[in-house]
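Visitor: Sequence order for the protein chains is A and Y.
In terms of the numbering used here, the first sequence is residues 1 to 473.
In terms of the numbering used here, the second sequence is residues 1 to 64.
There could be a bad hint or two in this list.
Claimed, not checked - Below 16 Å or equal to it, Euclidean Cα-Cα: the simulated EDC-like pairs (lysine to aspartate or glutamate) are:
| id | chain 1 | residue 1 | chain 2 | residue 2 |
| --- | --- | --- | --- | --- |
| 1 | A | 339 | Y | 24 |
| 2 | A | 402 | Y | 41 |
| 3 | A | 58 | A | 91 |
| 4 | A | 339 | Y | 22 |
| 5 | Y | 45 | A | 368 |
| 6 | A | 339 | Y | 23 |
| 7 | Y | 3 | Y | 41 |
| 8 | A | 263 | A | 241 |
| 9 | A | 58 | A | 29 |
| 10 | A | 339 | A | 138 |
| 11 | A | 331 | Y | 24 |
| 12 | Y | 7 | Y | 23 |
| 13 | A | 263 | A | 295 |
| 14 | Y | 37 | A | 401 |
| 15 | Y | 45 | A | 365 |
| 16 | Y | 3 | A | 368 |
| 17 | A | 331 | Y | 22 |
| 18 | A | 339 | A | 290 |
For the record, the hints were derived by calculation from the structure and aren't laboratory data.
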Amino acid sequence: MVRLPTEVLTSSASTLRTLIQTKQISPVDLVSSYIERIEQLNPTLNAFITTIPDSALKTARNLERSLLQGNRYPPLFGLPYAIKDAFFTSDASTTAGSRILSSYTPNTNATVIERLNSAGAILIGKLNMTEFGMGTGDYFPYGTPRNPWDTNRSPGFSSSGSGIATAASLCAFSIAEDTGGSVRIPASHCGATGLRPSQGLVSRHGSIPISSSFDIAGPITKTAKDVALVMDSITGYDPLDPSTVSTKLPSFFSAVDDKPTIKRIGLITEMMEEPYIDQEIGTAIYSSLDIFRQEGFTVEPCSLPASTDAMAVVAAISESEALTVHSDTLKQTPESYGKLMRRRLMAAHLIPSRVYQHLLQIKQEMLDQIKECFTTYQLLVCPTQLQPAPTIVPLEDLTTEKQALSSYTLTRGPTGLAALGGCPAISIPCGTTSSNLPVGLQIIGAPFQDLAVMQLANLFQQHSSWHTLLPDI
Amino acid sequence: MPKITNKEILSLASSIGLNIPDEDLVEVRVRLNTSIKLIQDMTSKYATKDLIAKVLTQHGSTAD
Chain A
1 MVRLPTEVLT SSASTLRTLI QTKQISPVDL VSSYIERIEQ LNPTLNAFIT TIPDSALKTA
61 RNLERSLLQG NRYPPLFGLP YAIKDAFFTS DASTTAGSRI LSSYTPNTNA TVIERLNSAG
121 AILIGKLNMT EFGMGTGDYF PYGTPRNPWD TNRSPGFSSS GSGIATAASL CAFSIAEDTG
181 GSVRIPASHC GATGLRPSQG LVSRHGSIPI SSSFDIAGPI TKTAKDVALV MDSITGYDPL
241 DPSTVSTKLP SFFSAVDDKP TIKRIGLITE MMEEPYIDQE IGTAIYSSLD IFRQEGFTVE
301 PCSLPASTDA MAVVAAISES EALTVHSDTL KQTPESYGKL MRRRLMAAHL IPSRVYQHLL
361 QIKQEMLDQI KECFTTYQLL VCPTQLQPAP TIVPLEDLTT EKQALSSYTL TRGPTGLAAL
421 GGCPAISIPC GTTSSNLPVG LQIIGAPFQD LAVMQLANLF QQHSSWHTLL PDI
Chain Y
1 MPKITNKEIL SLASSIGLNI PDEDLVEVRV RLNTSIKLIQ DMTSKYATKD LIAKVLTQHG
61 STAD
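Just chain Y, with the same shape it has in the complex (with noise of 0.2 Å):
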């Protein structure tokens, strides 16, 4: 997953009603990319597969 760039992040909380100060954006930001490529890399480690989605990944590019 590409890195989350201030502007979608200040998109995705305006979405939810969230209001993130100017002081506070960049640590918000820095916080959840750490959060997302921790959560991946575990992801890895642990072995845990999507299975699912990889098999829909495979074969929807070859659905009628």
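Extracted from the complex, chain A is given alone in its bound form (with noise of 0.2 Å):
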């Protein structure tokens, strides 16, 4: 087995794809030398919970065969990737970050699992995450996951190893899952390019659920080029997930380099109010729209009331949905959850019904805001995360409601309103700090306007290098 050079193994999903099929690499050497890196790293960042070197060479080494007897390239061919812990996986264990599932071994894959090894994407191992993927917390069973960036910094939540794994260049491409930004915020915060699918786009059987209504996987990728690859393989209708849309989608990779054909963009301005933005955030956000405007689109302030508050109805709504899973184990056992999951389960089993269909009225008041303003503007873009990458500290009890609104759930989370309204958003690059932590630009688009998403993020990364930059690690 040959050791490829650090370049090799920090380029994207789609120049990897290349080597490949001009056979300047093996799909053989591409695994080993990043179980290599994994060994050398993980150490340290913590992203996976566990790897699977054994089957991952078998793969590539079978992969390899098949080419030998004439098959054709599939469009991952050869490409290791690693996904979020809360996927089934039949030949490793299957933790959602949880020390209650420490031993559990699912019977079966994923569809998203299945799809993308029909893909021949070749799975190396599963990545850390927060307790079921619920929120933020210095809980963390398997290793607290960490920045590669700056180490003693969050790598973001809750999808922390699917961002890192990305970043640090310890896989091809990640799979992680959103739900109020969970796929957004680890790629914001780490650099690296992560899309949340529309609603319905990507199966969600297999996949451990905390909310029915706002669950969707999505991949974290070196590039929007790579986002729209990896999604070609994991989208469309799965008769084992009723919840998948049966309309026929376009190839996202054959067409993402294409202009999109959208006219104005709003730039949702309760997302850049101070106090709540960094001022370093803000100004590289503000830079990041004048590519837009030379490409010719217009670029004007949008006010949208619902993305202050929509993180808080996520979270609400998420909170009660996860009880459909986790309300038996609670009653029982208790003390087998993290407090802070424990604490958030227990005071969401207590909300009273009246309050709870409010909260649903507030949803729907929310969703017309959503689809009045896209009506007026076909693509909106807001900062990812309106601060860089927190310093990781041990969480302190809740004892005020002070402290209580200001915990991550409860304040402007600006991933909130893509989760509400179904809509596919992604964060791209497009800056960095004065302590070099990267910023995040998300771009939201209507339901099932993937592609008009996918193309201005590839445009931007066209006239920009900030998805290039790499953690010094």
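With the hints as a guide, dock the two chains, each given alone in a separate frame, to form the complex.
Guide: Written out as structure tokens, the structure is:
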């Protein structure tokens, strides 16, 4: 086996694909080189909960043999990937970041994994996450995940390992899961590109749920073009998940280089307001808009009041929906959960039904606002996060309303809006702070405008180099 | 809606078979009351009016 140089391992998935198809590198060498890199860096970064080197190398050898028999290259041929540990894998444990499932190995694969495998991708491991994907926390039974740009800082939640693994080039791409921002937040904090697809575009069969309303899987990659490449293989109707849509989808990868056929882009003004936004992040976002204007798009301020409260609504509904899975265990063995998740679930259990009904009414009002906004603007932009990656500190117990209101789920979170609306939203790197931390720009489309979202992100990356920056690790 | 007390929380929890450990009680109460207040504030902000509830309240007092 040949140890591939760092310049190769840090390449985008699209570039690796070309290198494989032109026989400049082999899948076996790529897998073994990534495994070696994981062994070197994971003790510090804690991106992976499980690696499956033997299985991955066996798959790589089988793929190479299949080519010798004259088979054509499937779209993701030989690309090693890793997935959030919330997805079922029949040949590796699936912990969902919880001690409760530490010895659980399902007897089936999630549909997303089946589809990636069919497309020729090679699973090399399962990625770290907050317990059952619920929010922030300092409870990581499998090691505290650390941001590759500054290991004293958080990589973002809840798909922490997915953000790290792509940014630190521990695989060609990763798969995350987004309920209220869990693809986009780690992508933003780690300087990667991550898409939350439209609700219904990707099967949820075989993923451990938080919220039936908002959960959706999405890729975290180096580029928007890589996002399109992966999306072609994971989208589409799945009879095992009735919530998936059956409409015929375009080839995202074939069309991602085209200029999006849109005219007006709205900058969500509520997400740019001080003192909520970090000044350096604000500056990076405003600078980014110049690229869109130079390309002929109209970029205008756009007020969307629902954006300030969407995260709180998504969090409250998600917590209630999570009880459908967790209620019995919470009652029988509450101590088996970390304290943050346990307390959130207990509080959610006690929400009066009338208050919950109001929550659903508020959600509808917000959906109407979002729909109205998309009648004027084809795409919306805003920061993915209002503050740079926070320092890792132990969480204090909440004892006051003020503390509770400043917690992540109740503050104005820019990622809540797309989750609430079932909208596609991508986070792309658009700058760095003076502390050399990545800044993410979020592009949001109306439901099923995923292609336009990817196209605008790709256009931005053709005119900028932020996505090519690598952490010094 | 008045704030829910520790005692009320324990009673509510007990009625659904939920055992809240002492170390969790304060935070559960703070989270619950904050969520309820936030949702009530948003109910006003987003003009979500429980119209039928208001009509019933007004007419209920004069019903025979």
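Visitor: All hints are to be evaluated individually against the structure, with a verdict given for each.
Guide: Hint check results:
Simply put, residue 339 of chain A and residue 24 of chain Y have alpha-carbon atoms about 8 Å apart, close enough for the 16 Å limit, and the pair holds. For the suggested pair residue 402 of chain A and residue 41 of chain Y, the alpha carbons sit about 15 Å apart, so the restraint of at most 16 Å is met. With a C-alpha separation of about 13 Å, the suggested pairing of residue 58 of chain A with residue 91 of chain A holds against the 16 Å cut-off. A threshold of 16 Å between alpha carbons decides the hint, and for residue 339 of chain A with residue 22 of chain Y the separation of about 12 Å falls inside it, so the pair holds.
As the CA atoms of residue 45 of chain Y and residue 368 of chain A are separated by approximately 14 Å, the hinted pair is consistent with the 16 Å bound. Restraint check: the Cα-Cα separation between residue 339 of chain A and residue 23 of chain Y comes to about 9 Å, which is no more than 16 Å; the hinted pair holds. Proposed proximity of residue 3 of chain Y and residue 41 of chain Y is supported: the alpha carbons are some 14 Å apart, at most 16 Å. Only pairs whose Cα atoms come within 16 Å are accepted, and residue 263 of chain A paired with residue 241 of chain A is rejected, the gap being roughly 35 Å.
As the CA atoms of residue 58 of chain A and residue 29 of chain A are separated by approximately 12 Å, the hinted pair is consistent with the 16 Å bound. For the hint linking residue 339 of chain A to residue 138 of chain A, the alpha-carbon distance of about 10 Å falls within 16 Å, and the restraint holds. Simply put, residue 331 of chain A and residue 24 of chain Y have alpha-carbon atoms about 14 Å apart, close enough for the 16 Å limit, and the pair holds. In summary, the hint linking residue 7 of chain Y to residue 23 of chain Y is supported, as the alpha carbons are separated by about 15 Å, within the 16 Å threshold.
With a C-alpha separation of about 10 Å, the suggested pairing of residue 263 of chain A with residue 295 of chain A holds against the 16 Å cut-off. Between the alpha carbons of residue 37 of chain Y and residue 401 of chain A the distance comes to roughly 10 Å, so the proposed pair stays at or under 16 Å and holds. Note on residue 45 of chain Y and residue 365 of chain A: the hinted pairing holds, with a Cα-Cα distance of about 10 Å set against a maximum of 16 Å. With a C-alpha separation of about 31 Å, the suggested pair residue 3 of chain Y and residue 368 of chain A falls outside the 16 Å cut-off, and the hint is violated.
Of the supplied pair hints, the one linking residue 331 of chain A and residue 22 of chain Y holds, its CA atoms being roughly 15 Å apart against a limit of 16 Å. A hinted pair counts as satisfied when its Cα atoms are at most 16 Å apart, and residue 339 of chain A with residue 290 of chain A does not qualify at roughly 45 Å.
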